[in-house]
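Visitor: Sequence order for the protein chains is A and B. Counting in the working numbering, the first sequence runs from 33 upward without gaps. Counting in the working numbering, the second sequence runs from 33 upward without gaps.
It cannot be assumed that every hint is accurate.
Which copy is meant is left open, so a pair is good if it fits within one copy or across any two.
Said to hold, decoys possible - Derived DSS-like pairs: lysine-lysine, alpha-carbon spacing no greater than 25 Å straight-line: (1) Lys-37 x Lys-297; (2) Lys-319 x Lys-245; (3) Lys-295 x Lys-319; (4) Lys-297 x Lys-319; (5) Lys-37 x Lys-108; (6) Lys-256 x Lys-245.
Hints in this document: simulated from the structure, not taken from any laboratory.
2 protein chains.
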Amino acid sequence: MDLAKLFSRLKDGEPRALARALTLVENRAPETRELLSRVFSEHQDATIVGITGPPGVGKSTLTDGLAKLARARGNKVAVLAIDPTSPFTGGALLGDRARMDAVAHDPEVFVRSMATRGHVGGLSGAAFEALVLLEAAGKDFILVETVGAGQDEVEVAAAVDVTVVVLAPGLGDQLQASKAGLMEIASLVVVNKADRVGADLLAAEVHAHTDGKAVFETVALEGKGLEPLFDAIESSRGQRRLVEAWLRNVVREMLYERISDSKWKNAVRGIEERRVTPYEAADALLKELE
Amino acid sequence: MDLAKLFSRLKDGEPRALARALTLVENRAPETRELLSRVFSEHQDATIVGITGPPGVGKSTLTDGLAKLARARGNKVAVLAIDPTSPFTGGALLGDRARMDAVAHDPEVFVRSMATRGHVGGLSGAAFEALVLLEAAGKDFILVETVGAGQDEVEVAAAVDVTVVVLAPGLGDQLQASKAGLMEIASLVVVNKADRVGADLLAAEVHAHTDGKAVFETVALEGKGLEPLFDAIESSRGQRRLVEAWLRNVVREMLYERISDSKWKNAVRGIEERRVTPYEAADALLKELE
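With the sequences and hints as input, model every part of the structure.
Guide: Spelled out as structure tokens, the structure:
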């Protein structure tokens, strides 16, 4: 593969080059680092927005609505959908095609699904590096959609500029409970499906329980309420942490690369046979790095 | 704190000592390592069962049912509920008390909720070390309940002896979609709420789509179908990976301890100012470890 050519096409915003580069990143291909070292110096200044929340609240519809709005306002838009996925096959659950349809066939909105995989390290470098690639390809409004309330969401929230947590009325106790964990990573909270019973109450509850965090009511399916939300996203851009998240992942990946499989196995055996504690074994592994 | 005393009470299976030790582990208290180095040589051979699946399928009820059954069969039982939680307060969403009630006030079943927190590294050492403590305290049947389909579940599945994935009929497209990612970490699959319409169909679908993986139908609320599931759990115990998961976490934690905050900050600044690539920065951080 000619990386210089790929890089140059990527910079020109060619969708096929971008798709190919994202595949390299997702597969942790050896070329990835050279490509990213080039791309890195092209780093731009997109608004990166995390969209998260429990299943069934309408995150995808809201994401698509915001993507359309961003496009209408003259942005170059990308959607990165992080799917919970197989740790073994690594295949994304909702294919790019399915998502593409949802974004109203607008060829100007670049959409990509990405598997979180079973890597040590959650989103592992892949998602962060995908964001860097999307920026380098000239996208200036990037939506990252994640599902749930786990570690992946926390990592994304720590890396993006604005985190939007989406809720909806009437999802039952178990889902309501998971709000608490999500609330604290939220820059903005959305109560979607706001035409349903209980929406105002839910919005008032969230507002009260978060010391007055801004809550937006939307009906994403009908495009209602998206404009004020979009304005709030643009004005609430916080400090970017993407570089730090990326660096931590690279450090971890490099560390694991430098410890051979046989060393891991020997260390595990030593612990299992009670010859060393995990702390002694870890210390020895780190000492041997040189 | 007198660690020798705590350790001795823990070995005797005293619930208060165990609770205290788990708090130390959860808070990553400095004493943790000394305690675990002692506990470590007491490592026993419990059956550790992961219970996971999307929200609303009845995981907690099933976990409680299996706990009761394990107890009835003469096991010393513990339940560790990993809650999605605030990355900042680290508080568990469902308190131990709420869970305690659900396990039918049986004082012989030790129940603990644990927050995943916002640590780098998902479950971070805490959950793995909690399992080691529970074993050291003489528990021989340990249920670990997690929610969702993200990295946390993958990490738990990689560490426990048997992973049970719980589904239920009628949860809609979005939840059904998340099945795919969960299926591959499953040792056994349960279709709970099997008295509802669509249960047999769902079980048949799962069976067909997983190349004939064993699927058990249960109505956990009525205790139906738990006995054959329990037997299958006992006979499908796979290879334990707990030590490896624990070691990887310790290595990561030790690595991060050895890189000072100011070094991280300098490296991030260097990247942001385009003086170094993330790969060069990571390489320098690892080289400086000595």
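Visitor: Hint by hint, say whether it matches the structure.
Guide: Consistency of the hints with the structure:
Taking the closest pair of Cα atoms, Lys-37 and Lys-297 never come within 25 Å of each other, the shortest separation being 41 Å inside a single copy and 34 Å across copies. Proximity of Lys-319 and Lys-245 under a CA criterion of 25 Å is satisfied in neither setting, with 47 Å inside one chain copy and 44 Å between copies. In this assembly of identical chains, Lys-295 and Lys-319 lie within 25 Å of each other by CA distance both inside one copy and across copies; the values are 12 Å within and 19 Å between. When the C-alpha separation of Lys-297 and Lys-319 is checked against a cutoff of 25 Å, the pair qualifies both within a copy, at 17 Å, and between copies, at 24 Å.
Taking the shortest alpha-carbon separations for Lys-37 and Lys-108, only the intra-copy value of 22 Å comes in at or below 25 Å, while the best inter-copy value is 63 Å. When the C-alpha separation of Lys-256 and Lys-245 is checked against a cutoff of 25 Å, the pair qualifies only within one copy, where the shortest distance is 20 Å, while the shortest distance between copies is 45 Å.
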